[in-house]
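K.L.:
Take the given structure of chain A and dock chain B to it, following the hints.
Those protein sequences? They're chains A and B, same order as listed.
Position 445, counted from 1, in the first sequence is what our numbering calls 445; the numbers after and before it change by one each time, with no gaps.
Just add 1000 to the spot in the second sequence (first one is 1) and you have our numbering.
FYI, nobody ran anything at the bench for these hints, they're computed from the structure.
Note that the structure is predicted; figures quoted are calculated from it, not measured.
By construction, the Cβ of each residue, glycine as well, lies at the ideal position given by its N, Cα and C atoms.
A hint or two may mislead.
Pairwise CB distance ranges, derived in the manner of DEER restraints [said to hold, decoys possible]:
| id | chain 1 | residue 1 | chain 2 | residue 2 | range |
| --- | --- | --- | --- | --- | --- |
| 1 | B | F1098 | A | E61 | 48 to 54 Å |
| 2 | A | G437 | B | W1125 | 32 to 38 Å |
| 3 | A | K405 | B | D1123 | 54 to 60 Å |
| 4 | A | D60 | B | Q1167 | 28 to 34 Å |
Next come the chains, spelled out residue by residue.
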Amino acid sequence: MIYDICIVGSGAGAGPVAYELSKAGYKVLILEKGGWYEREEFFKDEIGVCRRSSFTPRLDEEQHVIEEKEEGKWSATPTSASGWDFWNGNIVGGSSNFMSGYFHRLKPKDFRLKSEYLKIEGSNIVDWPIGYEELEPYYAKVESIVGISGKVEPHPFLEPRSTPDFPYPPTHEHIISSWFDKSCQKQGVHALRTPRAILPYSVGERRGCEYAGYCGSYGCSSGAKGSAREALLHTALKTGNCTIEANAFVRRLLSEDGRVSAAEYVDKDDKVQLARAKIFVLAAQAIESSRLLLNSANDAFPHGLANNSGQVGKNLIFSAGGAGTGAFYYEDFNEDEVLALKSIGPFVNRSLQEWYELPESKEKGGTIDFLFEHPNAVSRAKRAMYEGKLVWGDKLKAKILHHFKARRIFTFEVFCDWTPNDDCYVSLDETIKDRYGMRVAKVRIGAHQHDLRVGEILAAKAEEMLREMGAREISSSISPSPPSNLQAGGCRFGDDPASSVLNKECRAHELSNLYVSDGSFMPTGGSVPFTWTIYANSFRVADAILAVLKKKI
Amino acid sequence: MHKRALSRRTVLGGSVAVGISLALWLSEKNTSPRLYAKDVQVLLHAAYQLFPHSKLGPGAVDLHISAYLSYVLQDERIMEEERHYLLKGASWLEESAFENYGKSFLSLAIDEKESLLHKVSRDRWGENFVYRVLNYILEALLSAPVYGSNAKEIGWKWLEHNPGFPQPSTKKEINYDL
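With the rest of the complex left out, here is chain A:
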């Protein structure tokens, strides 16, 4: 069978294309390398989900090689040796199943970083080939279709909106949110309700949030979280036009005459198959999308598919920043407050964008999200294992008891731009192959010093806020190590085929029927998590593909 569309991957970059194209009557095939799990199969099982990473590949079978600079030299370490896992949820719906759903739009200036701000030496910053106004209708579309809850509140960096407010009200909030608001008021900054891709009540077949208290890292058992699977693929499947083949690993894309002719994949029985379609959409998450193109080299594209410009894999970006914590000791509060402070379930839902642009230097700043320490118990208990050296017995027990019963840890996460640079890119490792016989991605993760400095400024602001709230033991860490779950770039879009991989519609400059709809297209990432932008852009790409298909008919 020749499908209209074949999509590689099934996460946030894939879902909108599958949703729109199958609803429009086109035959869609999704090839997902991982298994297919539905909400009744998700449990708050810290061992299976988080400590054994059951929804990502075994690192001895499929891995990455990470290049870090050590003492002035680049050093490569396979993740099977380091345990630093760069997979992010390889099942139907991809990593959107496991996100926390902190959703922020980019701001208009984020589309024009090069034009708006002073040049950063050693950076490869470019403006986007589209403006905010072109993406805005799609941000709004994600709010209603994927389901984003929140409340619009005026603040200096509020982006223009085509609708007055979010379609869903905020989820229930923890008492600490009100304490946060009071502290912000004292400090004269705007406490923002963080928009969340979480339904506060049931809509259609998706149940509203059940406030289990474990959102990030876990699949949602109510369907409230706006994963691509819950929010989009279910609808696509109902049209009868969408087929999802799980456990189907695409090892290369075949091409002839400037078109992708087939996706060569290994099916669940380890047999090699070919999927044929009129249009191919790549959405395997940034690192893997670049890797697939590089692994698809052929005579016409000796350096990798769509890579005669040499740009595939280049300018990989992550989210720069870091995190910090403060402790709220129960002894500092009355009995009722302690009871409320201990409650698990309601969300903090607070963020600050007061310093999205730094007032003194007029440099780009970022976003600070506030939340409680993840409630995963083993990882919390493990923090008690060291006191200069390993401790055990009653000493260990006393420390664990202190951590669990004396206080609650409030945390913050700093998101700022990861400056694209020549030392952050995807290539293929020369020797290590995965269990399918394909070369694995080698990822150089060089961070720009500028980002660390901006991160430190934001972390200091966040620490001030925790201090104002009465937290103790406040600390933070801004690191050049990237968060492996926040990746984008590698197949930039742009007007110039010499310096970009994709055109402004995210179609490969060099292949007329190949689109890339995950975060790979982003030349810069904004100072926010990427998922909302990936969803929005994928809806935009879907419209571009629809226009092409309609023209042909």
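P.N.:
Positioned in the frame of chain A, the structure of chain B alone reads:
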């Protein structure tokens, strides 16, 4: 739904058995069954020593650590070298017991066991071994009881921990590959 039918955790059904059946399982995979049975016993006793029952809270025995370590040693999701390190570490601990006290770790007095663990944890292998044992003790303390430990949710109750819901309650629900 399509799921890849792998063999992972196909042995999990037996993981709630006690340590001795773990030793028997290991004996089938190795040429020195007696040695491995001993290593398992040393591993368990090291765990008992590292996390004993006390006024402060439950101990490794209360948690059913033997059942949990049985699961760990058979879980293919944990790299084989990591699992074997646990037993290798136990064998080195036993060697150290003979070197320092002229007898098996199993025969040492409580104080002697404690001193020996402190001594070996100053070496890299010993620190790695003790770290791993403690890691799995804490997993046993706070994992879903379906894994065979945290009996009657003793760990969660001790720390007033809310584990979230839903929790897995059957072997099938934690067998993600079937």
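K.L.:
Each hint needs a verdict: does it hold in this structure or not?
P.N.:
Now the hints, each set against the structure:
| no. | hint | in the structure |
| --- | --- | --- |
| 1 | B:F1098 to A:E61: 48 to 54 Å | violated (39 Å) |
| 2 | A:G437 to B:W1125: 32 to 38 Å | holds (36 Å) |
| 3 | A:K405 to B:D1123: 54 to 60 Å | violated (34 Å) |
| 4 | A:D60 to B:Q1167: 28 to 34 Å | holds (29 Å) |
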